[in-house]
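Chain residues, written in single-letter form:
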Amino acid sequence: MQNPYLPYPVRIEEIITETEDKNLKTFKLVFINPDDQKKFTYTPGQFAELSVAGKGEIPIGIASSPTEKGFLMFTINKVGLVTSHIHAMKVGDIMGIRGPLGNWYPWDVMEGKNVVIIGGGFAFTTLRSSIIYMLDPDNRPKFKDIHVIYGARTPGMLLYRDELAQWETRDDINMHITVDSTDDPGWKYNIGFVPTITDQQAPPGNEETYAIICGPPIMIKFTQPVLDKLGYVHDNIIMSLEMRMKCGIGICGRCNIGKEYVCKDGPVFTLAQLNNMPKEY
Amino acid sequence: MMNVITINKQDWARGLERAYDSYRLFGPVKQDEFHNFRELVKGELPDLKLLNTRLSAKSMVYPQSEKLFEFTLDENREDHHILKEIHKDYSSRAVIGIRPCDAKAFLLVKANFDTPEYKDPYWIQSYEATTLVGYACNTPCRTCFCTTAGCGPFSEQGLDMLLVDAADHYLLKIITQKGEKFLNAAGWSSTAESDAAIHKIETMKQAAEEKITAGISTDKLKDKKTTELFEAPFWEQVAFACINCGTCTYVCPTCWCFDIQDETFGRSGIRMRNWDSCMYPLFTLHGSGHNPRNIKIQRVRQRFMHKLKYYVDKYGNGIQCVGCGRCIRHCPVNIDIRKVCDLMNNFEA
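Chains A and B, in that order, are what the protein sequence lines are.
Numbering follows the numbering used here, in which position 180 of the first sequence is assigned residue number 180; successive positions increment by one, without gaps.
Numbering follows the numbering used here, in which position 340 of the second sequence is assigned residue number 1340; successive positions increment by one, without gaps.
Chain A with its partners taken away, still in its complex shape:
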């Protein structure tokens, strides 16, 4: 019987410090056994349990895209026991990974549609995965207009800054990067909170347009009325939730919202679904 609690061993191949406060680092992981890599087929929006022997496990969204071969990428905020330990690890160190876990953004439904990505803070990881995935030459024709609204407190708190700059130069993706404030005179993008920039720059909502939102609760709270105003229907507003998790496979019982387990039935829900679930997240 296959054991869903047993992590695949992986090696840390590269560590990138992403933000000026050094609290966010990206880890590139490679599988030690090539067969494990073949088994790990994922879709943007999914997450994995990262495992450190002697410390425990944490659920983290997958930041790499399945179109990027040979490694997995996770951007990790230093918060608790396991993440603090991971932040102190070195290239070459061994850890484990279980997954892929959870559902994903509804790529089949969004085919032929406009996609608006709205992200804030460090919740941009599975959104990066999604952008890389959609911009892949094989996938780009499947989608109409792509908009990205992404904000952080300051320019130095934005993730993946090199890639953001590169996407800015392309004509097949509309970037709307913003910061809450900056004293950098060279800052050439937006200044303002994500809900405000969404109001100003997101395309109007219709049946053909989907919004994927990922960010801190305060951003989601104030962005939702903006999307309502712009005419987005709740079936087309896609959200990814977070919860404290242990098993990641819907068995240990802690991450439920009503009868749904965020780890297995989510983490991706439409706003229409969330409207019929208890407000307990």
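Treat the hints as calculated values from the structure; they're not laboratory data.
Keep in mind that the hints are not guaranteed to be accurate.
With a straight-line Cα cutoff of 20 Å, these simulated PhoX-like cross-link-like pairs (lysine-lysine) come out [claimed, not checked]:
#, chain 1, residue 1, chain 2, residue 2
1, B, K1119, B, K1296
2, B, K1314, A, K279
3, A, K90, A, K55
4, B, K1049, B, K1009
5, A, K25, A, K90
6, B, K1067, B, K1119
7, B, K1225, B, K1314
8, B, K1030, B, K1049
9, B, K1200, B, K1009
10, B, K1314, A, K259
11, A, K259, B, K1220
12, B, K1067, B, K1084
13, A, K259, B, K1225
14, A, K259, B, K1222
15, B, K1211, B, K1200
16, B, K1084, A, K55
17, A, K78, A, K28
18, B, K1110, A, K259
19, A, K113, A, K28
20, A, K55, B, K1067
21, B, K1119, A, K39
22, A, K22, A, K38
23, B, K1009, B, K1042
24, A, K28, A, K39
25, A, K25, A, K78
26, B, K1042, A, K279
27, A, K113, A, K144
28, B, K1084, A, K39
29, B, K1220, B, K1314
30, B, K1211, B, K1049
31, A, K279, B, K1296
Covered stretches of chain A, going by a simulated chain B footprint (3 or more residues, C-beta under 8 Å) [claimed, not checked]:
#, segment
32, 1–15
33, 47–57
34, 91–99
35, 237–247
36, 263–277
Computed from the model, here is a short list of chain B residues facing chain A with C-beta under 8 Å [claimed, not checked]:
#, residue
37, A1166
38, A1167
39, F1265
40, L1285
Just so it is clear, the structure is predicted and the values come from calculations on it, not from any experiment.
A virtual CB, placed ideally from N, CA and C, is assigned to each residue, including glycine.
Dock chain B against chain A, hints included.
Coordinates of chain B only, in the frame set by chain A:
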């Protein structure tokens, strides 16, 4: 199958002695003031002079603490920091004297551990290795409400055999092939009893059921709207006295939640899982400090909503409760699931 045999009480002991050669035997044993299940040593008999065990029989399949993996942190070893499976004993075992409520509970819990997508190998292998020899309740407790919770004092659901104490002898009903196998190992005479014995069990069953006067109504739960029940005004009153001790979840045969933790000793370590409880704030505390069930009322509501609404909706398998009454008997502030169930079943938004 479905045979009923008669066993005199001396033969009962001798049969268990014989079964000991091919099974690990577990049964209720009196420790200090109350009975609990544990492994029996050779020659030791289950103590069947009891109403019910203090803790349920769930630990027979799902231990309170269980090792999952082991690892070494010694970097001189090639496999350092890589988790390894642990050899486990899944040889045949039999739980003697489990009450029908605790046996039915395994069926309810199975829906969680054995799903189409994921199989919990520890729970499933342990469950499959276990033969359940049930013990019918001639004298139910005052707090039992199994007959209205989809179970009963003579219920055979989830059991491989059912033992009935008929005063000077036992009647044993063989229900499944696992039961048949255990019968052979015990070597009790397998001559099928007459219709009279079957009739006697039926009579005793009715007498026992009539003794259970407390009950719940669950008929309207599935049609209630989750969000309306969730916002119902009575939760504050239900939760008012609760001290979040977690006793209800600990004694419950159908509570299955667990935590996963690593422990290290020098350079070796294990990953283990331990029973956990939705009554504790840490159960849902995010790394950020945010907690969706930060206050008591949210946690109390979660426990009852899970058992009486979420489970009902998720599996279409009835409520996640067998009516054993342990949470009622052992709650230090007298919270009564029967009353909460009535509040929920009768609630109109």
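Consistency of the hints with the structure:
no.: 1; hint: K1119(B) x K1296(B); result: violated (32 Å)
no.: 2; hint: K1314(B) x K279(A); result: holds (18 Å)
no.: 3; hint: K90(A) x K55(A); result: holds (16 Å)
no.: 4; hint: K1049(B) x K1009(B); result: holds (13 Å)
no.: 5; hint: K25(A) x K90(A); result: holds (12 Å)
no.: 6; hint: K1067(B) x K1119(B); result: holds (17 Å)
no.: 7; hint: K1225(B) x K1314(B); result: holds (14 Å)
no.: 8; hint: K1030(B) x K1049(B); result: holds (9 Å)
no.: 9; hint: K1200(B) x K1009(B); result: holds (18 Å)
no.: 10; hint: K1314(B) x K259(A); result: holds (6 Å)
no.: 11; hint: K259(A) x K1220(B); result: holds (17 Å)
no.: 12; hint: K1067(B) x K1084(B); result: holds (11 Å)
no.: 13; hint: K259(A) x K1225(B); result: holds (12 Å)
no.: 14; hint: K259(A) x K1222(B); result: holds (12 Å)
no.: 15; hint: K1211(B) x K1200(B); result: holds (17 Å)
no.: 16; hint: K1084(B) x K55(A); result: holds (15 Å)
no.: 17; hint: K78(A) x K28(A); result: holds (16 Å)
no.: 18; hint: K1110(B) x K259(A); result: holds (17 Å)
no.: 19; hint: K113(A) x K28(A); result: violated (32 Å)
no.: 20; hint: K55(A) x K1067(B); result: holds (15 Å)
no.: 21; hint: K1119(B) x K39(A); result: holds (17 Å)
no.: 22; hint: K22(A) x K38(A); result: violated (33 Å)
no.: 23; hint: K1009(B) x K1042(B); result: holds (18 Å)
no.: 24; hint: K28(A) x K39(A); result: holds (18 Å)
no.: 25; hint: K25(A) x K78(A); result: holds (8 Å)
no.: 26; hint: K1042(B) x K279(A); result: violated (54 Å)
no.: 27; hint: K113(A) x K144(A); result: holds (5 Å)
no.: 28; hint: K1084(B) x K39(A); result: holds (19 Å)
no.: 29; hint: K1220(B) x K1314(B); result: holds (16 Å)
no.: 30; hint: K1211(B) x K1049(B); result: holds (19 Å)
no.: 31; hint: K279(A) x K1296(B); result: holds (16 Å)
no.: 32; hint: 1–15; result: holds (count 8)
no.: 33; hint: 47–57; result: holds (count 7)
no.: 34; hint: 91–99; result: holds (count 4)
no.: 35; hint: 237–247; result: holds (count 5)
no.: 36; hint: 263–277; result: holds (count 3)
no.: 37; hint: A1166; result: violated (41 Å)
no.: 38; hint: A1167; result: violated (43 Å)
no.: 39; hint: F1265; result: violated (10 Å)
no.: 40; hint: L1285; result: holds (6 Å)
Checked against the numbered hints above, the structure breaks hints 1, 19, 22, 26, 37, 38 and 39 and satisfies the rest.
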